[in-house]
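Given these sequences and hints, build the entire structure.
Number of protein chains: 2
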Amino acid sequence: MKVSDTAEIRTLPLFRDMDDAQFEVLIRGAYVQTFPPQIELITEGEPSDFLHIVVEGTVELFATWNGHQTTMATVRPLGTFILAATIKDAPNLMSARTLERSRLVLLPSEDVRNVFETDSAFARAIVVELAQCYRMSIKNTKNLKLRSSIERLANHLVRKQIEAGGAKSFELDVEKRRLASYLGMTAENLSRAIKTLQSYGVTIDGAMVTITTPEALLNLAKPMPLIDDPEH
Amino acid sequence: MKVSDTAEIRTLPLFRDMDDAQFEVLIRGAYVQTFPPQIELITEGEPSDFLHIVVEGTVELFATWNGHQTTMATVRPLGTFILAATIKDAPNLMSARTLERSRLVLLPSEDVRNVFETDSAFARAIVVELAQCYRMSIKNTKNLKLRSSIERLANHLVRKQIEAGGAKSFELDVEKRRLASYLGMTAENLSRAIKTLQSYGVTIDGAMVTITTPEALLNLAKPMPLIDDPEH
DNA sequence: ATTATCGTTTGATATTTATCAAGCATCCAA
DNA sequence: TTGGATGCTTGATAAATATCAAACGATAAT
Chain Y
1270 MKVSDTAEIR TLPLFRDMDD AQFEVLIRGA YVQTFPPQIE LITEGEPSDF
1320 LHIVVEGTVE LFATWNGHQT TMATVRPLGT FILAATIKDA PNLMSARTLE
1370 RSRLVLLPSE DVRNVFETDS AFARAIVVEL AQCYRMSIKN TKNLKLRSSI
1420 ERLANHLVRK QIEAGGAKSF ELDVEKRRLA SYLGMTAENL SRAIKTLQSY
1470 GVTIDGAMVT ITTPEALLNL AKPMPLIDDP EH
Chain A
1270 MKVSDTAEIR TLPLFRDMDD AQFEVLIRGA YVQTFPPQIE LITEGEPSDF
1320 LHIVVEGTVE LFATWNGHQT TMATVRPLGT FILAATIKDA PNLMSARTLE
1370 RSRLVLLPSE DVRNVFETDS AFARAIVVEL AQCYRMSIKN TKNLKLRSSI
1420 ERLANHLVRK QIEAGGAKSF ELDVEKRRLA SYLGMTAENL SRAIKTLQSY
1470 GVTIDGAMVT ITTPEALLNL AKPMPLIDDP EH
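Chains as they are written, first to last, in this note's numbering: chain Y, 1270 to 1501; chain A, 1270 to 1501.
Watch out, some of these pointers could steer you wrong.
[Stated by the list, open to error] Here are some, though not all, of the chain Y residues that point toward chain A, as calculated from beta-carbon distances under 10 Å:
| id | residue |
| --- | --- |
| 1 | VAL1396 |
| 2 | GLY1453 |
| 3 | ILE1496 |
Hints were generated in silico from the structure; no laboratory data involved. From a predicted model like this one, the values you see are computed outputs, not experimental measurements. Ideal Cβ placement from N, Cα and C applies to all residues, glycine included.
Next comes the structure, spelled out in structure tokens:
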């Protein structure tokens, strides 16, 4: 494993404050692997063998039922999945696939659980991380239950613009059909929703989003920290 | 605070394995209060002052946006809310109201955070609890995104029957309009969905549910541990 | 016992969302 | 350069879901 990877992972809140020796234990047992696009890394229902860390590339988390499939999240560097399953030694509730060539660090779940039992700083960091994940999921539920699909799209764009530093134009970082699935709508309806947003000063050409009248969009989106702010 | 309450709370997974002295610290700082129905106990957006434990009665967690409101969960003895906000010292993402006369134990969030820093057994229990909550929320998201409202209702009934020990008849424990909101539908459509379920061998008279042909209902519901089993 | 209130049900209608089919655009490999 | 393949868009239609209005029924307060 490259030293630069190790150093990068160490900066994550999850590993930042843990004991040097215990971090070493995790790193010694770790695997680094590069995967081509469209590889299924984990499958829902299977036991969680590893805590995955995305060092490079993009991973999609998705879930299925009765022939349907939905995108639950997109994980980019330096994101991890799926901590809850690793800690509880429980089956994964989601599957994961690479969307592009991706490099991942795999920490054996058993090692993570062992270090969790030993290193109380790590345990505390895990608490904070899980609380964060839980709150994110609650926000997502509110988003789904309280808003229509076009309102969800509007808020997604508002948020992405903030993440792009407030730039008038920015690029969508996922395929539209995956964005649609994430937002809980079909690709067809995303296409139509985008058209509707033109009257709110939004134009989307390919992956390029331009927001000409942010006030109009905000007036539709009505964003709220308790749903839309990942930090809140 | 009554000794019987203390003993009961001590049996919760969250408090079971913690240090006696630290548990004492929590109990010493605790308040016990009985509330009439329809009292708003916490408000979304407000800081989390207490970890609430429902000892008697029923509490509804709900969220609002732009004039809309949705039921997020129902908490009964011995359930707690909202651990993630308490631990992160973050604002509550949901509001809570009593649905009936209810007795609650309130642990000051600051105490909980302090003991969490001190008692590693408590910290580990919090990890398990948060992981559980997170997974529950993910399952709920899958339920919402992958199923239609009638499928959600069907699965809810299947689950409630299991919780009723498999009895052919059992009672709904919440008002229908709240059940509707929890399931992400209107009260009117819940009423119609119940009618539709008659052809699947389900009759609901008032709060009394009777399932005459479980096979037919199961065939519609297609329950799946990765969505419907709270233990999984 | 009576009235008032509130939850539930039903019907009519509107809106939202999905599905199906076709054409268009883009990208990549032969 | 040229086919595919795949993703995106558009139109037509169907299904799911929400809204509005009214009636009904249970419950609680007077």
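Results of checking the hints against the structure:
1. VAL1396: This hint holds: VAL1396(Y) lies near chain A, its Cβ roughly 5 Å from the closest one there, short of 10 Å.
2. GLY1453: 5 Å, holds
3. ILE1496: Holds, because the Cβ-Cβ distance from ILE1496(Y) to chain A comes to roughly 6 Å (cut-off 10 Å).
Taken one by one, the earlier hints all hold for this structure without exception.
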